[in-house]
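Undergrad: Going down the list, the protein sequences come from chains A and B. Whatever position you read off the first sequence (first residue = 1), add 2 for the working numbering. Whatever position you read off the second sequence (first residue = 1), add 2 for the working numbering.
Mixed in with the good hints, there may be bad ones.
Note: identical chains are not told apart, hence a pair may lie in one copy or across any two.
[Stated by the list, open to error] Listed below are the simulated DSS-like cross-link pairs for lysine-lysine, each with C-alpha atoms no more than 27 Å apart in a straight line:
| hint | residue 1 | residue 2 |
| --- | --- | --- |
| 1 | 37 | 231 |
| 2 | 101 | 358 |
| 3 | 231 | 358 |
| 4 | 409 | 458 |
| 5 | 101 | 356 |
| 6 | 4 | 274 |
| 7 | 356 | 12 |
| 8 | 74 | 414 |
Quick caveat, the hints were computed from the structure, so don't treat them as lab data.
There are 2 protein chains.
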Amino acid sequence: MKKINSYIEKNQERFLEELFGLLRIPSVSSESARKEDMVRAAEYWRDAILKAGAGKAEVMPSDGNPVVYGEKIIDPALPTVLVYGHYDVMPVDPLELWKSPPFEPEIRDGKIWGRGADDDKGQAFMHAKAFEFMVKENCLPCNVKFMIEGEEEIGSPNLGKFCEQHKEMLKADVILVSDTSMIAPDIPSVTTGLRGLAYMEVEVTGPNRDLHSGLFGGAVANPANVLAKMVASLTDDHNRITVKGFYDDVEIVSLEERAEMAKAPFNLANYKKALDIEEVCGEEGYVTMERTGIRPSLDVNGMWSGYTGEGAKTVLPSKAWAKISMRLVPNQDHEKISRLFEAHFKAIAPPYVKVKVTALHGGQAYVSPITTPAYQAAAYAYEQTYGKKPVPVRSGGSIPIISTFEKILGIKSILMGFGLEADAIHSPNENYPLEQFFNGIRTIPYFYKHFAELSK
Amino acid sequence: MKKINSYIEKNQERFLEELFGLLRIPSVSSESARKEDMVRAAEYWRDAILKAGAGKAEVMPSDGNPVVYGEKIIDPALPTVLVYGHYDVMPVDPLELWKSPPFEPEIRDGKIWGRGADDDKGQAFMHAKAFEFMVKENCLPCNVKFMIEGEEEIGSPNLGKFCEQHKEMLKADVILVSDTSMIAPDIPSVTTGLRGLAYMEVEVTGPNRDLHSGLFGGAVANPANVLAKMVASLTDDHNRITVKGFYDDVEIVSLEERAEMAKAPFNLANYKKALDIEEVCGEEGYVTMERTGIRPSLDVNGMWSGYTGEGAKTVLPSKAWAKISMRLVPNQDHEKISRLFEAHFKAIAPPYVKVKVTALHGGQAYVSPITTPAYQAAAYAYEQTYGKKPVPVRSGGSIPIISTFEKILGIKSILMGFGLEADAIHSPNENYPLEQFFNGIRTIPYFYKHFAELSK
Numbered sequence: 003m004k005k006i007n008s009y010i011e012k013n014q015e016r017f018l019e020e021l022f023g024l025l026r027i028p029s030v031s032s033e034s035a036r037k038e039d040m041v042r043a044a045e046y047w048r049d050a051i052l053k054a055g056a057g058k059a060e061v062m063p064s065d066g067n068p069v070v071y072g073e074k075i076i077d078p079a080l081p082t083v084l085v086y087g088h089y090d091v092m093p094v095d096p097l098e099l100w101k102s103p104p105f106e107p108e109i110r111d112g113k114i115w116g117r118g119a120d121d122d123k124g125q126a127f128m129h130a131k132a133f134e135f136m137v138k139e140n141c142l143p144c145n146v147k148f149m150i151e152g153e154e155e156i157g158s159p160n161l162g163k164f165c166e167q168h169k170e171m172l173k174a175d176v177i178l179v180s181d182t183s184m185i186a187p188d189i190p191s192v193t194t195g196l197r198g199l200a201y202m203e204v205e206v207t208g209p210n211r212d213l214h215s216g217l218f219g220g221a222v223a224n225p226a227n228v229l230a231k232m233v234a235s236l237t238d239d240h241n242r243i244t245v246k247g248f249y250d251d252v253e254i255v256s257l258e259e260r261a262e263m264a265k266a267p268f269n270l271a272n273y274k275k276a277l278d279i280e281e282v283c284g285e286e287g288y289v290t291m292e293r294t295g296i297r298p299s300l301d302v303n304g305m306w307s308g309y310t311g312e313g314a315k316t317v318l319p320s321k322a323w324a325k326i327s328m329r330l331v332p333n334q335d336h337e338k339i340s341r342l343f344e345a346h347f348k349a350i351a352p353p354y355v356k357v358k359v360t361a362l363h364g365g366q367a368y369v370s371p372i373t374t375p376a377y378q379a380a381a382y383a384y385e386q387t388y389g390k391k392p393v394p395v396r397s398g399g400s401i402p403i404i405s406t407f408e409k410i411l412g413i414k415s416i417l418m419g420f421g422l423e424a425d426a427i428h429s430p431n432e433n434y435p436l437e438q439f440f441n442g443i444r445t446i447p448y449f450y451k452h453f454a455e456l457s458k
Numbered sequence: 003m004k005k006i007n008s009y010i011e012k013n014q015e016r017f018l019e020e021l022f023g024l025l026r027i028p029s030v031s032s033e034s035a036r037k038e039d040m041v042r043a044a045e046y047w048r049d050a051i052l053k054a055g056a057g058k059a060e061v062m063p064s065d066g067n068p069v070v071y072g073e074k075i076i077d078p079a080l081p082t083v084l085v086y087g088h089y090d091v092m093p094v095d096p097l098e099l100w101k102s103p104p105f106e107p108e109i110r111d112g113k114i115w116g117r118g119a120d121d122d123k124g125q126a127f128m129h130a131k132a133f134e135f136m137v138k139e140n141c142l143p144c145n146v147k148f149m150i151e152g153e154e155e156i157g158s159p160n161l162g163k164f165c166e167q168h169k170e171m172l173k174a175d176v177i178l179v180s181d182t183s184m185i186a187p188d189i190p191s192v193t194t195g196l197r198g199l200a201y202m203e204v205e206v207t208g209p210n211r212d213l214h215s216g217l218f219g220g221a222v223a224n225p226a227n228v229l230a231k232m233v234a235s236l237t238d239d240h241n242r243i244t245v246k247g248f249y250d251d252v253e254i255v256s257l258e259e260r261a262e263m264a265k266a267p268f269n270l271a272n273y274k275k276a277l278d279i280e281e282v283c284g285e286e287g288y289v290t291m292e293r294t295g296i297r298p299s300l301d302v303n304g305m306w307s308g309y310t311g312e313g314a315k316t317v318l319p320s321k322a323w324a325k326i327s328m329r330l331v332p333n334q335d336h337e338k339i340s341r342l343f344e345a346h347f348k349a350i351a352p353p354y355v356k357v358k359v360t361a362l363h364g365g366q367a368y369v370s371p372i373t374t375p376a377y378q379a380a381a382y383a384y385e386q387t388y389g390k391k392p393v394p395v396r397s398g399g400s401i402p403i404i405s406t407f408e409k410i411l412g413i414k415s416i417l418m419g420f421g422l423e424a425d426a427i428h429s430p431n432e433n434y435p436l437e438q439f440f441n442g443i444r445t446i447p448y449f450y451k452h453f454a455e456l457s458k
């Protein structure tokens, strides 16, 4: 196993070249014009898995973008690790804020810059290269399966069905995922909880056409003003969500557990400084890490109406829109929350507008215990690279498919993330430190080794 | 004067061809890329005025887009009419809602379709053609001056200075303007009041970059949610504006005058039906026509933040913007209101966001008595064409330059509009009925005739 360092040293330029080929493909799953790029990215992954030493790999159809599946079965008696990742990425706008083009990856300041550098092309690719090492150096201790999908960033709408259809093929003892972050470059962590998600789009219609704001202003409801009032009312003065029934199923975390969580390192001054904000803002009665870790939230992800160009246009717009998403915690059902939101939003609409509410996607929250062999194998692996055991954390993010895996395949996932908060995933200038990329490749084989030992 | 009908009949196709040449020029004043089109439109007007019979006409520089000035002085002892209009137009977006391209005018269903068909290319061009008739038929009873500007839709920021610099040249007894609407095709009206305008843009900044809404949602203020709350708070439950000091200077219209205004024909059911709304919405204690005629208003003209494309992006945006304009009534000063708004908006900003407020443009409200010779000449003229005297109305719209004319040049304006509410000015599918266009040309010479008689 010691050979991993020299293997990385010898091959690091090739590893980066291969990753860059993947990063250059603009596989933005939310844009329907990118269909061909999705297929290109899938084929790139298939070839990469084969090249790394898989016995077989193929691009398989789903009801949406294709899924890449590959495997190397060395002995049916050995435990099987199913590596999950995604080849799709988030949109890149606002494009003008990128310091280098999002799909022309480059290295600056010891980091890889480009859309997907971390989330999740960079992180998932570490698994291909760690696998390659174990195959080439003949030290693979488990059977390995890869499932790399192309719709994670739009909520994996078709992967559940894919899993239903391929339960036998996907049989495994654990699902291994790198699509989350560590607390800091020197503080490894394993994500033991994820929030769920209910993502809605609302449309408020006032008059049947754009009106002159002078001739009609003051006499006809302006849908942009109305939308502002409706959105404003979705949270109260204590930053609690007002959607009726929203908190009914929220898992209440005990004070003891909150005290445990409070031991994780967190510096509020640094947090505010990094975001350039004077004050944080969130639900009364909870601290920052609790607000993202164990409490639900509601955010406007997009809002638009009327004239948004240069200068002044005196228009009273006909319509106003918002994309509003809610992050959910264990025990909240995203479909129920979507229904509650729709009912609430329609109920608060005044009689002088029409309202349309669409649920765009959603997923359940997830919690995983720290007592499993997978968690212990991960802890062991991180310790080999970072010299310390990882901290178990509940992340505010969502990987909706993780709870679906458990439900359909009956397999728990282990979230071994190597991202960092500063990686700007989902934002302009996404990046991934070279050190994290190579540390990931270095760490993963230890997970396989210890997981195989614990499974004996 | 009877000859006007046959003159129109003989020349109507040429009149339309000439107008269409003007409509084809995309002279959108709020778009800085249109500078050359602005000059082209000005030159087109200069040539049109010369061709119609002016003694001279030229494109004159201003600090912004050029001003077209032309004149025909037949006798210094006669009264002088200064025709004011504008060659600039509003932006055309959303472009996809236009049934025919905005700058490719065409005639359908007895109407001229295209940006500027009414506002103000179509309406101003009636004056050129009425003038042509009086010159050609040798019945011009007044001296005539034309001043056609190119920045009306952005608030005429440079015309005040132009007037200051050319007071002597612009000397006149009345300013004649067709840039407003009639109540209905069979109910002529003269606009005796206009609202003022204060147009602001606000920018709310939260974190210094777009964030992942899962990792940060609930812990960091979302500027889009904050903007919604701030905008929502600008009007109260009685639809009164909450900006501190906003109503201090509002002219209170007497109950008697309101009773007079209530005699103007207005059908609420038709109004709602035309706009496809269930209910109107405005300041408590006032009816619809009062809400636009004698009361100020506040409207969001544009609002934008975060991801506005197809599908879902789980972003917590860094910034949110809104364009917010207030219509003002006589005695409210737009510069004072802009200052009050800025102070108020900054005062209500919570500590976890930064706020920037910019005044984009403004203008004062205007009122004009119905006892002047100009009003009586207008009333006489409308009666010749429509068989009835016009109704004096206070419009909700703004032509900021009208009060500036009074202040700088000391000349009252008479607002003889021929537009109709259905003309969709400032909206997609702007149009202007052929009948109104030709009725305007028919009516204007009677104004000149009676104005000259009353001035004797």
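Undergrad: If a hint holds in the structure, say so; if it does not, say that too.
TA: Each hint tested on the structure:
no.	hint	verdict
1	37 with 231	neither (38 Å within a copy, 39 Å between copies)
2	101 with 358	between (38 Å within a copy, 25 Å between copies)
3	231 with 358	both (16 Å within a copy, 21 Å between copies)
4	409 with 458	within (26 Å within a copy, 94 Å between copies)
5	101 with 356	between (42 Å within a copy, 24 Å between copies)
6	4 with 274	neither (41 Å within a copy, 78 Å between copies)
7	356 with 12	neither (63 Å within a copy, 49 Å between copies)
8	74 with 414	within (21 Å within a copy, 89 Å between copies)
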